[in-house]
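K.L.:
For reference, the chains in residue letters:
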Amino acid sequence: MAKPKAPRRTLESYSVKHISKTIRAGDCVLMRPSDLSKPSYVARIERIEADARGSNVKIHVRWYYRPEESIGGRRQFHGSKEVFLSDHFDVQSADTIEAKCTVHSFKSYTKLDAVGNDDFFCRFEYNSSTGAFNPDRVAVYCKCEMPYNPDDLMVQCEGCTDWFHPACIDMTVEEAKRLDHFFCENCSAEGQKKLQNSHSASRHSDTKVDTKRRRR
Amino acid sequence: MTPATTNSSPSAQRHVGFSRRTQAPRQLDGDSPPVKKYRMLSEIMARAPYAVVERETYSDLLCDQCGSGELPEELLLCDKCDKGFHMKCVRPIVVRIPIGSWLCPNCQGGKRVRPFSQKKIIDFFGIRRSSDDANDKRSSQDAKKRKKCSRPLVLHKKKRRLLPFVPTKDLNRRLKQMGSLASALTALNMEFSDHLTYLPGMAPRCANQALLENGGMQTLSKEDMETLEQCIALSKRGEFPPFMVVYDSREGYTVEADDLIKDMTIIAEYTGDVDYLDTRERDDCDSMMTLLLGAESSQSLVICADKRGNIARFISGINNHTQEGRKKQNCKCVRYNVNGECRVFLVAIRDISKGERLYYDYNGHEYQYPTHHFV
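Same order as they appear, the protein sequences are chains G and D. Number 110 in the UniProt record's numbering belongs to position 110 of the first sequence; there are no gaps in the numbering. Number 271 in the UniProt record's numbering belongs to position 271 of the second sequence; there are no gaps in the numbering.
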């Protein structure tokens, strides 16, 4: 008489031997990419499954997408550590786990004192088939009206309290850091003559031309 | 209670490095609530520049097409997939180093335009059909013919006159010609415009004065003016010159004659937005035409056919660096003083047979346009 196939059971936690770490549902991990020249995949563990004897461990994951993996591609407002929580679910062998990592909310990420290799942040959910994001409406800053990139330094106008990229107000990052006071064009035009004079002195006369990247 | 196990094995310890600290925006003393602006993300994505995570080194980068790393200064990096492409290996050929962002053909994802129906073509070009108007023009045309015949032969030989284009008689064929132009303009997100446009924020119409041309500009003769007006009237009736806009993998959009074009025929006026050359000096628009070269550079004007234009912007340039390329030239670009304003026209310089592609010298006036990768 043939034995019926033993049912697989869900594990509360699992010790990944090759990284000496314990994983649980809800943890985020880095997974080995199929193409080793690519960066590791970021995933959230939904469930851990094993056979009756506790071997042949599979993990059910939900993928985070990097901006360059999305249909719209990586844009300048995306942070270097930004990922999107996708609707793409998968089953992977536990052997492909490379490390544990942390995916912060956008707010808590901007409060970090230091960003480690294992730190990421997520501010959008991503629909992998349509390329749509949630939320579909976000706050924008500066005259270029782009969302905030946490890797960029920005300067706040004392008048309207909007934030500005140094490049968009014809300044270098060093100049922006040295500012004691800043009023944007609109606020300067509204009768702030005194501050405008001191501000215009620090304004750079030659605009930087954005040249095409080429191999040199 | 069991004490926590400490794993002291050095091989188990993962080396954790730190990337640079995130720089939060500078906080002002006393938190003032910021006024937030919101935008739809689809709107933002339509405008946001592309970025790539830069590699540590690009010295081993190869062209994705030919697999060679030679001529690194001509190896463009796509701002989406970060692959390398030689300017001459890309299809279509990239003639000049782009300014700012550049996407390779795969990442651009060419916009597929569905064939235009007759109504859509007519709407696209803003043609108004008026049979009375047609009759008037036809009779006026006959009158001109009579006048021409009575002219003394000696006068006729003195100066070569511009000829009006002759539209294709077959209406279906003409619709195909117009449809090809409409498709090409739509693929480039352009509007059709058969005249120079003067937009707020660009050069005003009063800036276009032929008097300002350094060294003077030739005036369009009275007879040629009549010919030009005849061409304009034909176009307004939807009787366009007999050209097909075709897509070539190396040249991109280009223009083919769909009927015999006689020597000295007016092919098209070069149209688009008029702007100051100074304003456009760092622009990446790939269809700019000199309109006015003033004694002061601040007076110089260019026609920018990146948002509005007509068939003139699709005509290919010759390769000035090869004899074979120079031989291809079959039309020329001429600037005229028309009623005190500068205008640019493309005119055939020899008979052009059906199926032949149109080429003119992009460097006819100045020698600035890089054509060494042209076919």
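No lab work stands behind these hints, which were simulated from the structure alone. Idealized CB from N, CA, C, for every residue including glycine. Among these hints, one or two may not hold up.
To be clear about the criterion: a stretch of chain D counts as covered by chain G if any three or more of its residues have a C-beta under 8 Å from a C-beta of chain G, and this derived list gives those stretches [claimed, not checked]:
#, stretch
1, 257–263
2, 309–323
Cut-off 30 Å, straight-line C-alpha distance, at most; resulting in silico cross-link-like pairs (DSSO-like, lysine-lysine) [to be verified]:
#, chain 1, residue 1, chain 2, residue 2
3, G, Lys38, D, Lys83
4, D, Lys262, G, Lys212
5, D, Lys236, G, Lys212
6, D, Lys88, G, Lys107
7, G, Lys177, D, Lys37
8, D, Lys88, D, Lys119
9, D, Lys307, G, Lys21
In silico contact screen, one side only, chain G against chain D (beta carbon under 8 Å); selected entries [unchecked claim]:
#, residue
10, Glu69
11, Gly72
12, Gly73
13, Arg75
14, Phe77
15, Met146
16, Pro147
K.L.:
Against each hint, give a clear statement of whether it holds in the structure.
P.N.:
Hint-by-hint comparison with the structure:
1. 257–263: violated (count 0)
2. 309–323: Coverage by chain G is violated for the stretch 309–323 of chain D (0 residues, Cβ < 8 Å).
3. G/Lys38 / D/Lys83: The hint holds at about 13 Å.
4. D/Lys262 / G/Lys212: 43 Å, violated
5. D/Lys236 / G/Lys212: Violated, because 41 Å separates the two Cα atoms, which is more than 30 Å.
6. D/Lys88 / G/Lys107: 46 Å, violated
7. G/Lys177 / D/Lys37: Holds - the C-alpha atoms of lysine 37 of chain D and lysine 177 of chain G are around 24 Å apart, at most 30 Å.
8. D/Lys88 / D/Lys119: 40 Å, violated
9. D/Lys307 / G/Lys21: Given pair lysine 307 of chain D, lysine 21 of chain G is violated - Cα atoms ~58 Å apart, limit 30 Å.
10. Glu69: 11 Å, violated
11. Gly72: 5 Å, holds
12. Gly73: Cβ of glycine 73 of chain G sits 5 Å from chain D, so the hint holds.
13. Arg75: Holds - the Cβ of arginine 75 of chain G comes within 8 Å of chain D, reaching about 4 Å at its closest.
14. Phe77: 6 Å, holds
15. Met146: Holds. Min distance 6 Å.
16. Pro147: 7 Å, holds
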